[in-house]
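Asker: Spelled out from the first residue to the last, the chains are:
Protein chains: 2
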Amino acid sequence: MRGRNHLVIMAGGAGTRFWPMSTQDNPKQFVDVMGCGRTLLQLTYDRFGGIVPVENVWVVTSAKYADKVYEQLPDIPVGNVLLEPCRRNTAPCIAYVSWKIKSVDPKANIVVTPSDHIVVNVPEFQRVVRSALGFVAESDAIVTLGMKPNRPETGYGYIQADLSYSTARNKEIYRVDSFKEKPDVDTARKYIMQKNFFWNAGIFIWNVSTIVNAFRVYQPALSAIFEDMLPVYGTEAEQKLIDERFPLCENISVDYAILEKAEEIYVFPAEFGWSDLGTWGSLLQNMEKDSYGNACTGSSISLYETSGSVVHTDTLRRVVVQGLEGFIVAEKDGTLLICRLSEEQRIRQFSE
Amino acid sequence: MRGRNHLVIMAGGAGTRFWPMSTQDNPKQFVDVMGCGRTLLQLTYDRFGGIVPVENVWVVTSAKYADKVYEQLPDIPVGNVLLEPCRRNTAPCIAYVSWKIKSVDPKANIVVTPSDHIVVNVPEFQRVVRSALGFVAESDAIVTLGMKPNRPETGYGYIQADLSYSTARNKEIYRVDSFKEKPDVDTARKYIMQKNFFWNAGIFIWNVSTIVNAFRVYQPALSAIFEDMLPVYGTEAEQKLIDERFPLCENISVDYAILEKAEEIYVFPAEFGWSDLGTWGSLLQNMEKDSYGNACTGSSISLYETSGSVVHTDTLRRVVVQGLEGFIVAEKDGTLLICRLSEEQRIRQFSE
Numbered sequence: 001m002r003g004r005n006h007l008v009i010m011a012g013g014a015g016t017r018f019w020p021m022s023t024q025d026n027p028k029q030f031v032d033v034m035g036c037g038r039t040l041l042q043l044t045y046d047r048f049g050g051i052v053p054v055e056n057v058w059v060v061t062s063a064k065y066a067d068k069v070y071e072q073l074p075d076i077p078v079g080n081v082l083l084e085p086c087r088r089n090t091a092p093c094i095a096y097v098s099w100k101i102k103s104v105d106p107k108a109n110i111v112v113t114p115s116d117h118i119v120v121n122v123p124e125f126q127r128v129v130r131s132a133l134g135f136v137a138e139s140d141a142i143v144t145l146g147m148k149p150n151r152p153e154t155g156y157g158y159i160q161a162d163l164s165y166s167t168a169r170n171k172e173i174y175r176v177d178s179f180k181e182k183p184d185v186d187t188a189r190k191y192i193m194q195k196n197f198f199w200n201a202g203i204f205i206w207n208v209s210t211i212v213n214a215f216r217v218y219q220p221a222l223s224a225i226f227e228d229m230l231p232v233y234g235t236e237a238e239q240k241l242i243d244e245r246f247p248l249c250e251n252i253s254v255d256y257a258i259l260e261k262a263e264e265i266y267v268f269p270a271e272f273g274w275s276d277l278g279t280w281g282s283l284l285q286n287m288e289k290d291s292y293g294n295a296c297t298g299s300s301i302s303l304y305e306t307s308g309s310v311v312h313t314d315t316l317r318r319v320v321v322q323g324l325e326g327f328i329v330a331e332k333d334g335t336l337l338i339c340r341l342s343e344e345q346r347i348r349q350f351s352e
Numbered sequence: 001m002r003g004r005n006h007l008v009i010m011a012g013g014a015g016t017r018f019w020p021m022s023t024q025d026n027p028k029q030f031v032d033v034m035g036c037g038r039t040l041l042q043l044t045y046d047r048f049g050g051i052v053p054v055e056n057v058w059v060v061t062s063a064k065y066a067d068k069v070y071e072q073l074p075d076i077p078v079g080n081v082l083l084e085p086c087r088r089n090t091a092p093c094i095a096y097v098s099w100k101i102k103s104v105d106p107k108a109n110i111v112v113t114p115s116d117h118i119v120v121n122v123p124e125f126q127r128v129v130r131s132a133l134g135f136v137a138e139s140d141a142i143v144t145l146g147m148k149p150n151r152p153e154t155g156y157g158y159i160q161a162d163l164s165y166s167t168a169r170n171k172e173i174y175r176v177d178s179f180k181e182k183p184d185v186d187t188a189r190k191y192i193m194q195k196n197f198f199w200n201a202g203i204f205i206w207n208v209s210t211i212v213n214a215f216r217v218y219q220p221a222l223s224a225i226f227e228d229m230l231p232v233y234g235t236e237a238e239q240k241l242i243d244e245r246f247p248l249c250e251n252i253s254v255d256y257a258i259l260e261k262a263e264e265i266y267v268f269p270a271e272f273g274w275s276d277l278g279t280w281g282s283l284l285q286n287m288e289k290d291s292y293g294n295a296c297t298g299s300s301i302s303l304y305e306t307s308g309s310v311v312h313t314d315t316l317r318r319v320v321v322q323g324l325e326g327f328i329v330a331e332k333d334g335t336l337l338i339c340r341l342s343e344e345q346r347i348r349q350f351s352e
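Residue numbers (our numbering), protein chains in the order written: chain P, 1 to 352; chain D, 1 to 352.
With the rest of the complex left out, here is chain P:
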């Protein structure tokens, strides 16, 4: 009995906002961005320990990152690492892995998570995930996790919940009224004044029948591609067929493809110190800091008259920084970035 709980880690992103620490060749999920000895992918895997048996952990990633996944998660079966021949956003990724899981466990309960976020309060995170997995084991619900907002963040999508009544079987789970795209700051302020708006963390819980049926209803073309492949999952023909067919999938997010269309969507409001680490600023916020608000990762870093800065070095053996306030100093494989934190949205441009 391998257990009914499955974990899907989406590890195909190629974030360049953390350049040069994160590059297309080595995106941030494969980097020890916290300087804790584990990469974000490993931390993601770790936080599901005890909830999902290792043989039920699935990673969907780009073919070019396969070796990184094998290396960083050596315990999971090689066959559980699904390789996308090209990037097609989250809907094709989730469709592929859902049919694949269905082929081995038609009664699977699944939690889907990004690979490059962090969670500070892991016990609370585990409680929430277990609770949601228990819920979807007994219902055809699509459950999202809603992060209680503490600031008018414009970098996240919001979930508007109907808090007037919770589900009968789980008092912490509510119906979703609507999904909201990333708002401007005035709209974000209005959202957080109300108590029924939550950040969309991109973590989903459902059973395999529910998600497969949702794809069949709302994305029939996408469904046909993976439905057709049922005979080949787990055979040698699988990768070859995926390499041919995956590029034909529409480039579409699961939010847009399913969540915003489906009727029975639920949200589990939660608070477990979550961040998508979308910016250097959020990384700084989530790292251990010295008394001047600096966070350092690397060997032998000395700071003088420096505050509110993040210093992240990889190959440098010795770093001395004097006189910086609110800066990013990042070095990776011989590439150095020095940039005001307030200008970090330009990093993508700098990296070109």
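Treat the hints as calculated values from the structure; they're not laboratory data. Just so it is clear, the structure is predicted and the values come from calculations on it, not from any experiment.
Chain copies aren't distinguished; within one or between two, either way the pair holds.
25 Å max Cα-Cα, derived SDA-like pairs, lysine to any residue:
| no. | residue 1 | residue 2 |
| --- | --- | --- |
| 1 | K64 | R317 |
| 2 | K64 | R318 |
| 3 | K148 | S282 |
| 4 | K289 | G155 |
Got chain P; can you put chain D on it based on the hints?
Answerer: Chain D in isolation, oriented as in the chain P frame:
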């Protein structure tokens, strides 16, 4: 006939003010600090081209830098590189090389120069040096070069000249009244208000008899050490004896040992764009700058909203700097320094 003009390059310094670009293992004279493809030692050698034949070029350096000198100045005879077993300031260095030159050319005219300064106007420099060498060929004068000051610099010693009359044989050469130690800024201001104060560039011109006799008179103990060795100069025994005796020499500068004591000292006031490159600030001043006053040495350096800064990188392949004003960014062999130019006097402390 090998010519009577000899050049002595003192290349034993271990400047750490340019850390990490310059280190005890690789001091600044061996570094291409200007980013021009030649090290300061090579630029020093180059600027005497046509004045001194290559077989008359002598380099005195620390034994540990011997290979750097052989590599950077491959044309000069290996036997012309004199190796100090330990650092003993300029007087023992000059005494050693003077007796050594005397042993091969008792009528030598000598110009002594540091190896880590720069000269912008080389033709004028050459004119001055040739003129001074011609002068000492016919007199027992000790000639210093005096740089016309353009600011109340507190980092240099000053030479006070008696400008009321020049020598009969060279109208540009004057008697020295006195040598002044590095002044405070008020004193420096007073000096430059007068017209007879010049920076001491540490460049000396004399004939070998004059300097050897001066050592005999003012530094008899030092003289005895190198006089005794006359039979062994150029033999296999020389280095062994030097290794034994050099450490016995007093640690003393030629300024203090000879110049401030001797009677007949002359100064040749000159203006040829000289700098001792004693600070990152002076390096910046002397390098080619972009329109925002930045000077860069290294590969693929991109600057945004950056001004008055010097970026000097060695092993980094790519550098992006945003938002720095008046900073030093220096990297060498995996060591990175970021520091305000105004705080550069603390670099020695940072490097420890």
